[in-house]
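**Student:** Sequence:
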Amino acid sequence: MSTPTFDSLRQTLQHLRRRRSNLYLLKVSSLFAIALASLLLASSLLGLWLDPGKTGSIGLFLITSLCGIGLLAGFVVTLRRRHTDDRVLAHYVEDRIPDFEQRLLTSLEFTEEDLRNGRAGVSQQFIQQLWQDAQVHVQQQQHEVETVTPARESWISFASAVAVVAMVVVLFVTSDSLLRSGARLAWPFAISEPLTVAEFFPDIEISVEPGNIDMQRGDSVTIIARVTNATPDAINLRLQDDNVNWRDVSMSRDGSGSDSASYSYFIPALDEDTTYYIAFNERGEQSSPQYQISLFDLPQIEQIDLAFDYPEYTQIDDITEEDSGDMVVPEGTVVDLTIQFNKAIETALLEFEESYREEDEEAANAPPAYEDLQLSLDGNIGTARFTVTQDGVYRIQATDFSGLESQAPLDYFIRAIEDTPPELALQRPGRDQEVMPLEEVVLEVDASDDYGLSEFTLNYSVVGSDEVEVDFLTEPNARSISGNELIYLEDLGVEPGDFVSYFLTLADNNTLAGPVEVISDIYFLQIIPTDQEFRRNPAGGGGGGGGGGQGGDSSALVSVQKDIIAATWKLRNRQSQVSPEEFSSDAEIIAESQREATSRARRSIDRLAERLNFSDDTYDAAVENLSLAIEQMNTAAGELEQEQVTSALQPEQLALQYILKAEASINRTNISMQQQGGGGGGGGAQQEREDLRELFEMEMGQLENRYETPNSPGGGGGQNQEEVDKLEELARRQEGLTRAQRNLARREDQMTEEQKRRELERLMRQQEQLSREVAQLAQQMSRRQQSSQPSSQSGSQSQSQSQSQSSSSGSSSGGQQQDSAIQRAAQQMQEAAESDSASIAAARSQKALENLRQQQEQLSQQGERSVNQLAQNLNQRGQQLLQQQRQLQEQIAETSREQGLGQTRQSIRNDESLQELIQAQQQQQRDLEEIEDMLRAIIARGSNEDQRLMSQAQEASRELRPIREEMSTSSRVLRNGMVNLAVDIEEEIEGQLEELASSLAALDPSNQGSGSDQIQQAAQDAESLREQIEALEQQALAFNEAGQQASGGNGAAPSLREMREQLQRSQQLAQSLQEQLQEQARSGGQQPGGQQSGGQQSGGQQQGGQPGQAGGRGGRQQIGGARGDGQERPGIGGSVTTDGGILPWGNARSIRQQLTQQDIEDFINQPELFRQLLQPILELEGALRAQAELDNINNKLYATFDEEVPEEYRELVEEYYRVLSESQGSGSSIQ
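Everything in the sequence shown is counted per our numbering, starting at 362 for the first residue and increasing by one.
Take the hints with a grain of salt, since some may be wrong.
[Said to hold, decoys possible] Once the Cα atoms are required to be at most 25 Å apart in a straight line, the calculated DMTMM-like pairs of lysine to aspartate or glutamate come out as:
(1) 1208 <-> 1129
(2) 1117 <-> 1129
(3) 704 <-> 683
(4) 704 <-> 663
(5) 1208 <-> 1109
(6) 931 <-> 779
[Said to hold, decoys possible] Now the in silico label distances, taken between C-beta atoms and shown as ranges:
(7) 677 <-> 826: 41 to 47 Å
(8) 666 <-> 764: 26 to 32 Å
(9) 599 <-> 764: 31 to 37 Å
(10) 758 <-> 625: 32 to 38 Å
Source of the hints: derived by calculation from the structure; they are not laboratory data.
Predicted, not measured: the structure shown is a model, and the values here were computed from it.
Glycine is no exception: its CB is placed at the ideal position from the N, C-alpha and C atoms.
Produce the complete structure using the sequences and hints provided.
**Tutor:** In structure tokens form, the structure reads like this:
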């Protein structure tokens, strides 16, 4: 084992050895560096001095290298020889430090082995003691031992080396020649001999894109070449596609700089593998490497053949379409596809995608989506089969045996033609009808379906009797059938108060999804008494006094109960088509309506019992029937609350039957009282019965049916809202289509030409379909507006506007109005459908969408028409109805004259001309119903501030009742072939319509102005007419002077066409003037201050002492002459008529007749006609202006009535008028 003493001695020696070695290495390295620097400096100086050239420099380099290698070898050998062990090092220390007295050398003679095992002649204690003693002396002279090797000599050598190296470096840095010599010496092989080239040109570089590529056959490619260090004027692209011949094409320069240029060449399509390179002549022949374009073929569809297997129920023969893809087929069609590819295909998939669908379309009703199909493949032919169930899009993805897949496959469209439900049209009678017990009712029904009918039946029955079923289906799968059925009411044993209900059932022949059944609304044939049917108001005498408040019209309660039955019927038929929540809500609404009708009927009975006390049994029977009707109503309401709609129909119909029996009892009492009343008209009892009917209808008329939508334009709100909803739907679809067109415009750069074409075609088809729907809606709205507004615009304001326009030669009264917003939208949609650009189509579609929104706003505003607008329309509808009645009366009279002797009633009934008269008569009844609906709207929507208008509307509504009765009677008389009797009835109807037209004209706000304003306007129109005739006279004179040839060559002379147009404008102005004056005469001559002329009575008691009638009913005012009595006729606005009793509007009619009976050629050939025409115009104008001045004076007299009474005099004025009214009342009583 080692001892600490011995280890310490060894560590001391090792430290000393390291110090000696480091100092020696520093010294030797410094000497080596001095020698090497000196060698390099000497060699460089020698090279600089000798300038030996490249060969000499190489020789000097080799010598210098050998010397350097020798110095390095000596350095390495010197270091390797410098190796000492511990004994040598101890001897070196003992020599330098004599005080050790050989202790260090002696200690090293013994080893650790000697200490452990001992040594011969030496004890272990001696050795231990010897090491300790040496250690003690070493520690005592530790510093001398560590510094025994001097470092001064080594550091001097290092400093010398640094100095020498620094000096050499400075010499090289400061002397360029010495540095170049040293650089040449460092690597003489890089020394280049001087060249004798006159000019240096850099190498020409050619880069080509795209180089070697793989691309699809038929695609295009652009080759770009960039030339650096040269700008050739032209370069050639050399192409080879047959491995034999090269063909050269010149490339176009795209850009150039000072020492470079770029060129390109576009190849639209490559069909063969091609090798190419670039070549040009610049400093000799220059060319690029050759590049290869390798082509491959992706799977593509070359042809699609479609075989259609149509459903059997469509009765369409199966066909095959070659080279097709898109399909438009009925739902359920089985389609076999045969696809031909351009190469053999490994796998192919038929992918389906849903077509464009509205956002609000319910997904629950949509059929299941198509499932993707794998094609059956045989080489390059693929087949598949699927059944068309809905619209969609399909595409074909194919993969060949090389793993290449088809890119951007085309979309093919599937259009499924839906099997629409069958359609039903009840041609005759077309609505509920009142019939007599012995009458024969003819039902005419048309039914059609797109593929064929499997059921077409008529079901009718009397309440409480078995239902009769009539089958109209003559042959199976007929697409259009007309059914006729003659119902003999006498065989059914009906009596007044009964009714016959009937409905029709249709079903198509769809054998796939099952036949679609359509059940019509339920209709009623109401049985009325025969004496009521043929009762007519006498032409004169007292017997007509009691008929004012009577009529054959059904009461409002009957209409409401019919509506409730119809609503229940509809709800039962569509029970399977609505959700349970919606069904419960609808049943609750009908039940609530039934309960409300019940409560109002009960209140009516209570009020009648309080007001009336009748002794006859017929009214007791009426009350009893109403009570029974209330019981049935309660039963029906209970069934409806339990949602038993089928069970509720029976009590609802029984309730209607009891109501009709009650009404029949009231009518029989009215007829009896009229016959007993004689000339007096029934006196107070008749008035009580009139009050009974008015109260009955007033109470029941307040019940509004919230389940049915009125079809007449008078009710208008439902139809207007339907159009608004349709516009909203079209606007939503147009908005979605516009977005699709915009998306296509944005994605055009990312699509191929074929994809853009097919997508644009798809959007065009959708736009065309939408355009057709908008055009149909526009036509429907136009027809509705034309039917709801009369063609003649007879209002004073519109007349003044048309006359002022016609007075200007540059205007045309027959000008076309601007297209409506929806018409503009349809036109813009059509233009968008015809656009070849998606961006242009999107812009036009946006314009169309804006017009649709504008039309929608206009309809919404139009749906909120004011009462004044309704009143203006009523005036026009009244005049139109009167004109139609006169034409109908003339036609019936002509038919009566043409009938031959011996004709039977059956042959007369089958006459086509008589059927046309009946249809015209039914149209008159429908127009009258529309007027009644408009009057009810005025009454319902009028405010308390306009009591005058509401009172006049109520009075006009009462005048409708006898007119409806007369029209209904005339219609039934005509259907029974009694034309002679119908002539008399139609004359009475004309008289009643004249009174109704006058009442409706009084409602028009434009006729409520002062009489002086109206006459002043008429005077201005007469002046305009005179000026037009004078101007036309001057034109005719100028035309005659210029001669016939001057009309074409002389620009100053008027043409015949211009004069004819001027004459037409004058005729229209004369027509408007006549209608304006006639309307003023008809309105009754309102005096300033609100007084009426003496010719009219304000109401109350009339001739014969008959109460209960409106004022003016005793002596009807006729247009065109007096009729019946000799009552004094008022003038225009209270004015004095001209001599002989001729009114100004009569002069206007004479003027219009003279204008319309002559052509422009007559005036040109006979200029004196102008003088004959101008004279009455001047007289009319003067009379109107004089009357206007007179009315202005009267207005000043009565103007004080409107002034505010001062507070201090108000009580005196009230007392004065109270006393005055009492005096007038007592005076009238005495009379």
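**Student:** All the hints need checking, so say for each whether the structure fits it.
**Tutor:** Hints versus structure:
1. 1208 <-> 1129: Roughly 16 Å between the alpha carbons, so the hint for residue 1208 and residue 1129 holds.
2. 1117 <-> 1129: Given that 25 Å is the threshold and the Cα spacing comes to 18 Å, the pair holds.
3. 704 <-> 683: 19 Å, holds
4. 704 <-> 663: Holds, at about 10 Å.
5. 1208 <-> 1109: 22 Å, holds
6. 931 <-> 779: Holds: residue 931 and residue 779 sit about 24 Å apart, inside 25 Å.
7. 677 <-> 826: 41 to 47 Å: Check passed, 44 Å falls within 41 to 47 Å.
8. 666 <-> 764: 26 to 32 Å: With a Cβ separation near 28 Å, residue 666 and residue 764 satisfy 26 to 32 Å, so the hint holds.
9. 599 <-> 764: 31 to 37 Å: 34 Å, holds
10. 758 <-> 625: 32 to 38 Å: About 35 Å separates the Cβ atoms of residue 758 and residue 625, which means 32 to 38 Å holds.
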